[in-house]
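For the protein sequence lines, the chains are X and U, in the order given. Position 128 of the first sequence, counting from 1, maps to 128 under the working numbering, and the rest follow consecutively. Numbers in the working numbering are just positions in the second sequence, counted from 1, shifted up by 1000.
Hint data in this document are derived by calculation from the structure and do not stem from the laboratory. Take the hints with a grain of salt, since some may be wrong.
[Claimed, not checked] Taking lysine-lysine and the BS3-like style, the derived pairs with C-alpha atoms no more than 27 Å apart in a straight line are:
| # | chain 1 | residue 1 | chain 2 | residue 2 |
| --- | --- | --- | --- | --- |
| 1 | U | K1347 | X | K288 |
| 2 | X | K313 | U | K1313 |
| 3 | U | K1260 | X | K294 |
| 4 | U | K1288 | X | K87 |
| 5 | X | K401 | U | K1401 |
| 6 | U | K1401 | X | K87 |
| 7 | U | K1347 | X | K260 |
| 8 | U | K1313 | X | K347 |
| 9 | U | K1313 | X | K401 |
| 10 | X | K294 | U | K1089 |
| 11 | X | K241 | U | K1089 |
| 12 | X | K401 | X | K231 |
| 13 | X | K383 | U | K1401 |
| 14 | X | K313 | U | K1401 |
| 15 | U | K1241 | U | K1313 |
| 16 | X | K294 | U | K1294 |
| 17 | X | K401 | U | K1260 |
| 18 | X | K401 | U | K1383 |
| 19 | U | K1241 | X | K393 |
| 20 | U | K1347 | X | K313 |
As the structure is a prediction and not an experimental result, all values here were calculated from the model.
These are the residues of each chain, in order.
Number of protein chains: 2
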Amino acid sequence: MATTKSKPRNAFYAQSGGVTAVINASAAGVIETARKHKNRIGRVYAGRNGIIGALTEDLIDTSKESAAAIAALKHTPAGAFGSCRYKLKSFEESRAQYERLIEVFRAHDIGYFFYNGGNDSADTCLKVSQISEKLGYPVVAVHVPKTVDNDLAITDNCPGFGSVAKYVATSMREAAFDVASMAKTSTRLFVMEVMGRHAGWITAAVGLADDANTPIPLLLLFPEVRYDEAKFMAAVDAKVKAFGYCCIGVSEGLLAADGKLMSDSGVRDAFGHAQLGGVGPMIAQRVKDTLGLKYHWAVADYLQRAARHLASKTDLDQSYAVGKAAVELALAGHNAVMPAIRRVSDKPYRWTIDIAPLSKVANAEKMLPRDFITADGYGITAKARRYLAPLVKGEAPPPFKDGLPRYVRLRNAPVPRKLATPFDV
Amino acid sequence: MATTKSKPRNAFYAQSGGVTAVINASAAGVIETARKHKNRIGRVYAGRNGIIGALTEDLIDTSKESAAAIAALKHTPAGAFGSCRYKLKSFEESRAQYERLIEVFRAHDIGYFFYNGGNDSADTCLKVSQISEKLGYPVVAVHVPKTVDNDLAITDNCPGFGSVAKYVATSMREAAFDVASMAKTSTRLFVMEVMGRHAGWITAAVGLADDANTPIPLLLLFPEVRYDEAKFMAAVDAKVKAFGYCCIGVSEGLLAADGKLMSDSGVRDAFGHAQLGGVGPMIAQRVKDTLGLKYHWAVADYLQRAARHLASKTDLDQSYAVGKAAVELALAGHNAVMPAIRRVSDKPYRWTIDIAPLSKVANAEKMLPRDFITADGYGITAKARRYLAPLVKGEAPPPFKDGLPRYVRLRNAPVPRKLATPFDV
């Protein structure tokens, strides 16, 4: 049976890259909005484990999920359909992959492609958007922004970041109260390592822990500022002399003076073992060796990006909004675009959704502006605070049952396969 | 002016050892209850940095704090007056310390001694309770239980533990959702290291992340179960084969087959305990070396015990209740006791406060019962779940301002010194 223009076509949605506390809210935005347009969009098929699900024809029929289950995605962290780290190469390098995508899309009458991810995913989405033109299969591709790293171009901020920002600022504030209690006879140094390998957005967010209402002796080690041990030790020493203790937020991507990752610099960790991936313990040990301070350190790792229990309401709303907008943009005929958040005003915080061309988003990386970092390199400026403050605002706790968050797991019913041919990824 | 029986005497309150998310609720319980009995208790003086504040005559006049500030302690983590790791030795070894305490108590007419801590503090409190009899100064000493380790004798559970339990179970559940999303192409192993030096109560609480509603492939490494690498690797391998990923909760106090700590930083605290940390990354690396799984690991460290934003309502209520009961017990003439939580029923959970003699609490350590651990050594039994479940129940979030928890800092006004002599601690 041939597909006609008037007949609704199906949509493909997939999650890509590192997941977040609120990426499923974007999924809910896509699916709930598509369900409101049944005359245009038939079913939403999700890729099991991202684009791999498309390549292997491993599709999930989201129409089998109840409205309540889809709504529950708004309070459930991580990727409900599975994500992947898998980047499509160029048409020239990997023509077989694109032809396979078309084969699967054609078999399941997929006319809309929604890809929820970061920089790499924007690039994949851009390539898929060109399938129509280059390979003659009609599909509209819209990217749904997501990354805790907050490093996507054009959009004022990235869905997923605000919740991590809220988590790291809250955690540092809480830990600082703890260290302050212990400093007289015990711990005087607390180091928390945070994510953000190339851009210091999450490191900057740690800075929110320290504000006029709740001052904390806090130093930040940004990936943008090369580590200068003598200067840093002097800064720690000054904080300890003034306040009795010191807290440090350090990016996993901190660079040594020679530009190499501190965590790859061959220095042994706090326990004399070969590097296990922690610049946090390394910094703690160095301060102890130099200043003799007893330390504690934390590496929250996945806890920071999965902490749906402490999500930012602003972030949640925006995550849902970009999912919804993606469907609306596709229905309006936009191809190769991404809904981008535009800040209308700082205070009161107001935002709206713009249309960003994917060609300007793909593979670009938005770095932390230098004027967000104080002159000494260890703090955030008033400008940074103005930018960050609204992103962590508002609470949106999940439902709790028996004292623990109750998160949804979808049925994830497979769409019956139509192709006889397997495909290796 | 001599003190008469009818004249109100002052109280001393101090926080000791590692702090918790809810120890300040006990402080609020003590102070608010004392304020209701002004005919019997004059002022509550808090020790700045625990017992050190008493020895150095560094006292805080809590009567200078507003009712609102004291009430705000209920939603503020860590030790509002400062804590310390400092253990009084025996009368025979340190007679000068006890004489100094009496000197300070006499100077400030302190007739009540409330000490908020764990095992070591219970011992200190017991010794102070004997001052009347052994050194002739009239003082009533009541211990207020507190420890995230949940290892105090007599009491069914320890204030502070329920909130850590809620934090680690929530965090593991959230991280498990994250790993499940990533497992197809990336991370398949997640290791979270938790506190609990000798007793595996916190490790057991991680087990709550996995329940009938939300099954998670989870293995626990208890301090009570010697690490058996071959057996453990087989267990991880089985989980990964069945579920595609595996989560591990490991105690900082995990012991190797030879009974030595798997990871010992070599640093010891004032009590002579080893400062731990780092077994999480070690286990992750071993699994990678053996099974080749990509891993992530987290060490929440202070984050777990300071996380007031995720406190258990049950824990909060009990923390307040033991503070209140301590004052009531002292007023009823009980000396050398501790208010202990007695479980009346599991379901519905009901509890009451009993009176425990300090001689039975001091220096005892309540270990995790062996029948709380499954036969294979890697999980918790139904009996453990029945015990743990009510302790994490209920939410009691702090007020948020601008997206972050708003915690109180007290004025902590000093009580004017009356003694000319300094005292070195």
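Handout entry: List of violated hint numbers, smallest to largest
Key = 1, 6, 7, 8, 11, 12, 15, 16, 17, 19, 20
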